[in-house]
Amino acid sequence: MSSLIGIGVSPGVVVGEVHRIRHTVVEHDVPGTCQQVLDALAAVGADLERRAIAADIEVAREVLQAQAMIAQDPALVEAISARLTDDVVYPDVRPAIRDSFAGFRAALESLGGYFAERVHDLDEIADRTIAEISGEKSGPVILSAPSVIVADDLTPADTAALDMRFALALVVAKGGPTSHTAIVARGLGIPAVVGCGEAESLESGDIVMVDGRHGLVERNPDEATVLHHKTREDALRARAAAVTGPGRLSDSTPVNLLANAGSVSDAVSAANAGAEGIGLFRTELLFLSRETEPTVDEQVALYTDVFTAMAGHKVVVRTLDAGSDKPVPFLNTVAEENPALGVRGWRLTRNGTGVMRRQLQALAQAAAETHTDLWVMAPMIDTPAEAADFAAQAREFGIRHVGVMIETPAAALLADKVLAEVDFGSLGTNDLTQYVMAADRLDARLSDLTDSWHPAVLRAIALAATNATTLARPLGVCGEAAADPHLAAVLVGLGVTSLSMAPVALAEVRGFLATVDRATCIEVSQVALAASSAEEAKAMVSAILEP
Amino acid sequence: MPSQVVKVASSVGLHARPASLLVKAAAASGVSCTIGRVGDKAVNAASMLMVLALGVKFGEDLEITVAEGDGADAVLATLADIVGTNHDEENPHA
Numbered sequence: 001m002s003s004l005i006g007i008g009v010s011p012g013v014v015v016g017e018v019h020r021i022r023h024t025v026v027e028h029d030v031p032g033t034c035q036q037v038l039d040a041l042a043a044v045g046a047d048l049e050r051r052a053i054a055a056d057i058e059v060a061r062e063v064l065q066a067q068a069m070i071a072q073d074p075a076l077v078e079a080i081s082a083r084l085t086d087d088v089v090y091p092d093v094r095p096a097i098r099d100s101f102a103g104f105r106a107a108l109e110s111l112g113g114y115f116a117e118r119v120h121d122l123d124e125i126a127d128r129t130i131a132e133i134s135g136e137k138s139g140p141v142i143l144s145a146p147s148v149i150v151a152d153d154l155t156p157a158d159t160a161a162l163d164m165r166f167a168l169a170l171v172v173a174k175g176g177p178t179s180h181t182a183i184v185a186r187g188l189g190i191p192a193v194v195g196c197g198e199a200e201s202l203e204s205g206d207i208v209m210v211d212g213r214h215g216l217v218e219r220n221p222d223e224a225t226v227l228h229h230k231t232r233e234d235a236l237r238a239r240a241a242a243v244t245g246p247g248r249l250s251d252s253t254p255v256n257l258l259a260n261a262g263s264v265s266d267a268v269s270a271a272n273a274g275a276e277g278i279g280l281f282r283t284e285l286l287f288l289s290r291e292t293e294p295t296v297d298e299q300v301a302l303y304t305d306v307f308t309a310m311a312g313h314k315v316v317v318r319t320l321d322a323g324s325d326k327p328v329p330f331l332n333t334v335a336e337e338n339p340a341l342g343v344r345g346w347r348l349t350r351n352g353t354g355v356m357r358r359q360l361q362a363l364a365q366a367a368a369e370t371h372t373d374l375w376v377m378a379p380m381i382d383t384p385a386e387a388a389d390f391a392a393q394a395r396e397f398g399i400r401h402v403g404v405m406i407e408t409p410a411a412a413l414l415a416d417k418v419l420a421e422v423d424f425g426s427l428g429t430n431d432l433t434q435y436v437m438a439a440d441r442l443d444a445r446l447s448d449l450t451d452s453w454h455p456a457v458l459r460a461i462a463l464a465a466t467n468a469t470t471l472a473r474p475l476g477v478c479g480e481a482a483a484d485p486h487l488a489a490v491l492v493g494l495g496v497t498s499l500s501m502a503p504v505a506l507a508e509v510r511g512f513l514a515t516v517d518r519a520t521c522i523e524v525s526q527v528a529l530a531a532s533s534a535e536e537a538k539a540m541v542s543a544i545l546e547p
Numbered sequence: 001m002p003s004q005v006v007k008v009a010s011s012v013g014l015h016a017r018p019a020s021l022l023v024k025a026a027a028a029s030g031v032s033c034t035i036g037r038v039g040d041k042a043v044n045a046a047s048m049l050m051v052l053a054l055g056v057k058f059g060e061d062l063e064i065t066v067a068e069g070d071g072a073d074a075v076l077a078t079l080a081d082i083v084g085t086n087h088d089e090e091n092p093h094a
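Chains A and B are the protein sequences, given in the same order.
Using the numbering used here, read the first sequence as starting at 1 and increasing by one per residue.
Using the numbering used here, read the second sequence as starting at 1 and increasing by one per residue.
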């Protein structure tokens, strides 16, 4: 028995056989001929096509089919043939292969939007082709039996290609709490451990136990260990199931428990999970795949469906947060050096676009038709002037509760002035963490820095919360942080009044909060603020909450 | 050579499903088919990468040309139909 430690990002305990997914990147010279390269490419294409036929999920089939078509592309064959002379054995064919892909890669990248998403497919096909020639093939991706999926990292293409019904748990060496793997696992409700460097040593066929709450992977676990972890997990779940109704602490202090949603089906899951409303409705989905702006009528139709799904409850809608990792083709037209710090969110109004105004109009109209308690907030607000500008525009359309996201250090530092302009605030802890720590949350190498438990992040939240309390403005949290029960207690202790999370996380947070009182929340929040690192904050709070 | 100008009807442009359908049909036809913006350089319609690299958006006019031969008109009609149909209606978020 040996223990591997990582970050638990989706709770649950399972035991199963490892299915290792490897992306082979060959780091040494690969000798070969033109014909060998073309044969390898054809083999990769044929393999992808077989996988596409075997895949029984529509999305997976489409991703794999598109990849197969690229691998079998006549233009690629031409590009390779132009670079390699027949009957010559090259000491290393890798540069010629990469060059052959480079032209297409650059062309797609410069087109942006979802044309640029195909770049990832090209890289994957180039890697597979090189691995095929050198005989270091990637492992099969098709799952036919329930397995624990272990990988260096899982990309959206990987998860699209996997039959997730057979996934018992996900374990990845890289990634952090907001990585793609974490989000997929929580969506599926299966255990996941990320940032588990030692997972590199696991091979297909190994038997492991995964505890996704405590970030533990145990190789060849004995019965006693499995029983211990399962019993502990069951107890925590039972506590979650035992508590229903609106969120409150053990001393009856109310904490609004809301759900994050991005689509009508999310809103339905939220209602089923007993959410007291939607704390963050992301409106990007309607815009992301579009070349032109959706009309006001189209928007009204979507918002009406969402409001109807949450009838009688509060719905907090975030205006279009386009840009950075969510570019919208018709808005984000300029290639930015530094998109996370560029013209995104409310900043897009600088371009004189009327998109936000039309969105506000559609939201107000849908809310009026459905008698919804509509709250609307703007993302990427830095200054009191921006907050005032948004508030004025939203109120013009008769929106009664206008707010801002507190997700930049500037907004947290100026919270007294920013919140004075609006009716409420919502801490977007994913971006706030990235900006406070100046660490890209998509970069797995920095996952130790992009942890919302970091005292630097908590101090920024404390500053905003203190000012919100003074101004009597409700202040919510709508990042992944709200879904961590211990961190939820810390946030409440800091003065946060509502928590919005993925619907699957609601029961657990509700169950946990019912066991702590306000004084304990305040105590743990002070302990966390005084810590020197995320790990220390977590450990010290955990020692108080679960002795 | 038979050719026809068609307006792209899919809101994603010539990408994802519409591009796959076009390339598949062009490859399956067994005859040489090209596609491009009117008056601009045309590319092999059986090449996914070349078609994607055109970066064609919704509403653009494209000229499809099929090499002379048996069934050329039928191939042209099939390809024109693919480009002129909106293929992402059933799944606007794909």
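No wet-lab data here; the hints were simulated from the structure.
Take the hints with a grain of salt, since some may be wrong.
Which chain A residues face chain B? A few, computed with CB under 8 Å, are given here [what the hints assert, rightly or not]:
no.	residue
1	Ala-66
2	Ala-75
3	Ala-107
4	Glu-109
5	Leu-111
6	Phe-115
7	Ala-116
8	Arg-118
9	Val-119
10	Glu-291
11	Thr-292
12	Val-296
13	Val-343
14	Phe-397
Even glycine gets a Cβ: it sits at the ideal position worked out from N, Cα and C.
Tested hints:
no.	hint	in the structure
1	Ala-66	holds (6 Å)
2	Ala-75	holds (4 Å)
3	Ala-107	holds (4 Å)
4	Glu-109	violated (10 Å)
5	Leu-111	holds (4 Å)
6	Phe-115	holds (6 Å)
7	Ala-116	violated (10 Å)
8	Arg-118	holds (6 Å)
9	Val-119	violated (10 Å)
10	Glu-291	holds (5 Å)
11	Thr-292	holds (7 Å)
12	Val-296	violated (16 Å)
13	Val-343	violated (21 Å)
14	Phe-397	violated (25 Å)
The structure does not agree with the numbered hints 4, 7, 9, 12, 13 and 14 stated previously, though it agrees with the rest.
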